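There are 2 protein chains.
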Amino acid sequence: MITSTSNRRVKWVRALQAHRRDRWKERCYLLEGSRLALEVIHAGIPVELVFHTERFKAKEAGLVNGLARLGGEIQTVSELVMAACSNTESPSGIMVVVPFPELEIPEKLTLSLVVDGMADPGNLGTLLRTAWAVGVEAVFLTEGCVDPFNPKVVRAASGAHFYLPLLPIDYYEIEERLRGLELWLAESRAGIAYNEVDWLRPSALIIGSEVHGVRDELGSLVQRRVHIPMKDGVESLNAAIAASVILFEIVRQREAK
Amino acid sequence: MITSTSNRRVKWVRALQAHRRDRWKERCYLLEGSRLALEVIHAGIPVELVFHTERFKAKEAGLVNGLARLGGEIQTVSELVMAACSNTESPSGIMVVVPFPELEIPEKLTLSLVVDGMADPGNLGTLLRTAWAVGVEAVFLTEGCVDPFNPKVVRAASGAHFYLPLLPIDYYEIEERLRGLELWLAESRAGIAYNEVDWLRPSALIIGSEVHGVRDELGSLVQRRVHIPMKDGVESLNAAIAASVILFEIVRQREAK
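Going down the list, the sequences are from chains A and B.
Everything in the first sequence is counted per my numbering, starting at 238 for the first residue and increasing by one.
Everything in the second sequence is counted per my numbering, starting at 238 for the first residue and increasing by one.
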């Protein structure tokens, strides 16, 4: 059992927990909790390392054994070590390190999402979960976004990371990489109502951060604007909510076709 | 200028910040930041007490004067006192105490929302913001919900509290208080697809917490189930997202009529 926080493995996990830089250098990220661990088994993700407490294994031996079958190193750690590695106030007792996903993107995209400068991890994670649920084929993230492999994003996304391609993108690449898609920028009270757009055409929805909207570079790049009608006096919706409402309208139109 | 955290006013504000009990006893709650302060002025809410730093007033004198015209006590406080009262890591420098809203509910409800056991303040606040945007007439909250006047809920709701009636409700009251409304319980993969329900009838949408769904008492009380179709493998959506998608569908049907 690992009982020291100066253990090499523990330091590695803590670095992956804390720093975007380490995650991207190692091309690995962390999953915490039974629910995500179960999703790992369902998805058959190769596992690098599992930390679990004795208490966790006593309750959930099947889950630990299922993870063991995925090939990675399994380590029992003390409650103290688990608390030091964990991102939550009451650690569940299970933590899994997995490599960055390598997911293929369809050659011809029909529905993608561009997220610009979304800094709140809960918001981004929730949005990725919705994007997965509606069948978005790829999510492009601009530089100002919180790291999609940040543990809080991963938790809120509830397994979306295993299926939904997540790609960094620079403004200057957008036209090139989204060629063939109609680009629609979501903006309060601008352009067309979201349910009057013809979403049967291959489309990309672009959503900004709540506070700043999208940045000017992006605003001038994209001509089409879409909004969600709201009651007078309401300034805007939460960005993840707005994107989700539009994404479900896209699916609704496409399924009704 | 108030510089001591043992000042009576400061203690009062900190109690309102920290404790649901104090908020409900005093029937007052806190708003923090320029954006909400501006909404207070727009809405013409009577103000009990304003705390601002000197630095804030130097930048935003108009806002402080606008609040002063609403009648409450205005106090300059030190940065230290503001930090002690604030709920955020970098306090904006303005904090407003307002009384609980007394909003009238239409005698005949046509659209209401019941939230059951939603413990996450960001989620509840975001959902209230959506409910306001779509014109929900009243939101009923069961006991297990986070306090709707919790400062984090208030922040995420972005002003919804000034317009949207928020009411505690017990399970045994639901039938009585929602009489005349069709009750629809949102539940993953149960009942009818959300866009196949006839939402032209007066309706109440009931949404549970993400983790536990709705409690059994409620589940047995309500017969109608509504779900949002999702891609295979996706277990559920975030509860605020799910409710928002359904609420906007309700509005879409009603506006199209």
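Treat the hints with care, since some could be wrong.
Claimed, not checked - Not the full set, but computed from the structure, chain A residues with beta-carbon under 7 Å of chain B:
| id | residue |
| --- | --- |
| 1 | Thr367 |
| 2 | Trp369 |
| 3 | Ser425 |
| 4 | Ile429 |
| 5 | Ala430 |
| 6 | Leu437 |
| 7 | His464 |
| 8 | Leu474 |
| 9 | Asn475 |
| 10 | Ile478 |
| 11 | Val482 |
To be verified - In silico EDC-like cross-links for lysine to aspartate or glutamate, where the CA-CA straight-line distance does not exceed 16 Å:
| id | chain 1 | residue 1 | chain 2 | residue 2 |
| --- | --- | --- | --- | --- |
| 12 | A | Lys494 | B | Glu374 |
| 13 | A | Lys248 | A | Glu263 |
| 14 | A | Lys468 | B | Glu374 |
| 15 | A | Lys262 | A | Glu433 |
| 16 | B | Lys494 | A | Glu419 |
| 17 | A | Lys345 | A | Glu263 |
| 18 | A | Lys468 | B | Glu492 |
| 19 | B | Lys468 | A | Glu492 |
| 20 | B | Lys468 | A | Glu419 |
| 21 | A | Lys345 | A | Glu419 |
| 22 | A | Lys294 | A | Asp259 |
| 23 | B | Lys248 | B | Glu285 |
| 24 | A | Lys494 | A | Glu433 |
| 25 | A | Lys345 | A | Glu374 |
| 26 | B | Lys345 | B | Glu374 |
| 27 | A | Lys248 | A | Glu291 |
Everything labelled a hint here was simulated from the structure, so no lab data went into it.
Note that the structure is a prediction, hence the values are computed from the model and not measured.
We put the CB at the ideal spot given by N, CA and C, even for glycine.
Evaluated hints:
1. Contact between Thr367 of chain A and chain B, as hinted, is supported at the beta carbon level, the nearest pair being about 6 Å apart and thus within 7 Å.
2. This hint holds: Trp369 of chain A has a C-beta 6 Å from the nearest C-beta of chain B, less than the 7 Å allowed.
3. With a least beta-carbon distance of about 10 Å to chain B, the hint placing Ser425 of chain A at the interface is violated under the 7 Å criterion.
4. Contact between Ile429 of chain A and chain B, as hinted, is not supported at the beta carbon level, the nearest pair being about 14 Å apart and thus beyond 7 Å.
5. A hinted interface residue such as Ala430 of chain A counts as satisfied when its beta carbon comes closer than 7 Å to some beta carbon of chain B; here the least separation is about 9 Å, so the hint is violated.
6. Because the closest C-beta pair between Leu437 of chain A and chain B is about 16 Å apart, greater than 7 Å, the hint is violated.
7. About 12 Å separates the beta-carbon of His464 of chain A from the nearest beta-carbon of chain B, more than 7 Å, and the hint is not met.
8. Proximity of Leu474 of chain A to chain B holds as hinted, the smallest CB-CB distance being about 6 Å (cut-off 7 Å).
9. Restraint check, Asn475 of chain A versus chain B: the minimum CB separation of about 5 Å is within 7 Å; hint holds.
10. The beta carbon of Ile478 of chain A comes within 5 Å of a beta carbon in chain B, closer than 7 Å, and the hint placing it at the interface holds.
11. Annotation: interface hint on Val482 of chain A holds; nearest CB of chain B at approximately 5 Å, less than 7 Å.
12. Note on Lys494 of chain A and Glu374 of chain B: the hinted pairing is violated, with a Cα-Cα distance of about 33 Å set against a maximum of 16 Å.
13. Restraint check: the Cα-Cα separation between Lys248 of chain A and Glu263 of chain A comes to about 13 Å, which is no more than 16 Å; the hinted pair holds.
14. In summary, the hint linking Lys468 of chain A to Glu374 of chain B is supported, as the alpha carbons are separated by about 12 Å, within the 16 Å threshold.
15. A hinted pair counts as satisfied when its Cα atoms are at most 16 Å apart, and Lys262 of chain A with Glu433 of chain A does not qualify at roughly 44 Å.
16. The straight-line distance between the Cα atoms of Lys494 of chain B and Glu419 of chain A is roughly 29 Å, outside the 16 Å bound, and the hint therefore fails.
17. At most 16 Å may separate the alpha-carbon atoms for a hinted pair to count; Lys345 of chain A and Glu263 of chain A exceed this at roughly 30 Å.
18. Between the alpha carbons of Lys468 of chain A and Glu492 of chain B the distance comes to roughly 12 Å, so the proposed pair stays at or under 16 Å and holds.
19. Straight-line distance between C-alpha atoms of Lys468 of chain B and Glu492 of chain A comes to about 12 Å, which keeps the hinted pair within the 16 Å bound.
20. The straight-line distance between the Cα atoms of Lys468 of chain B and Glu419 of chain A is roughly 23 Å, outside the 16 Å bound, and the hint therefore fails.
21. Only pairs whose Cα atoms come within 16 Å are accepted, and Lys345 of chain A paired with Glu419 of chain A is accepted, the gap being roughly 13 Å.
22. The suggested pairing of Lys294 of chain A with Asp259 of chain A is violated, with an alpha-carbon distance near 28 Å, which exceeds 16 Å.
23. With a C-alpha separation of about 15 Å, the suggested pairing of Lys248 of chain B with Glu285 of chain B holds against the 16 Å cut-off.
24. Between the alpha carbons of Lys494 of chain A and Glu433 of chain A the distance comes to roughly 15 Å, so the proposed pair stays at or under 16 Å and holds.
25. A distance of roughly 10 Å separates the Cα atoms of Lys345 of chain A and Glu374 of chain A; the hinted pair therefore holds under the 16 Å criterion.
26. A hinted pair counts as satisfied when its Cα atoms are at most 16 Å apart, and Lys345 of chain B with Glu374 of chain B qualifies at roughly 10 Å.
27. Between Lys248 of chain A and Glu291 of chain A, the direct Cα distance comes to roughly 20 Å. Violation of the 16 Å bound is thereby established for this hinted pair.
Checked against the numbered hints above, the structure breaks hints 3, 4, 5, 6, 7, 12, 15, 16, 17, 20, 22 and 27 and satisfies the rest.
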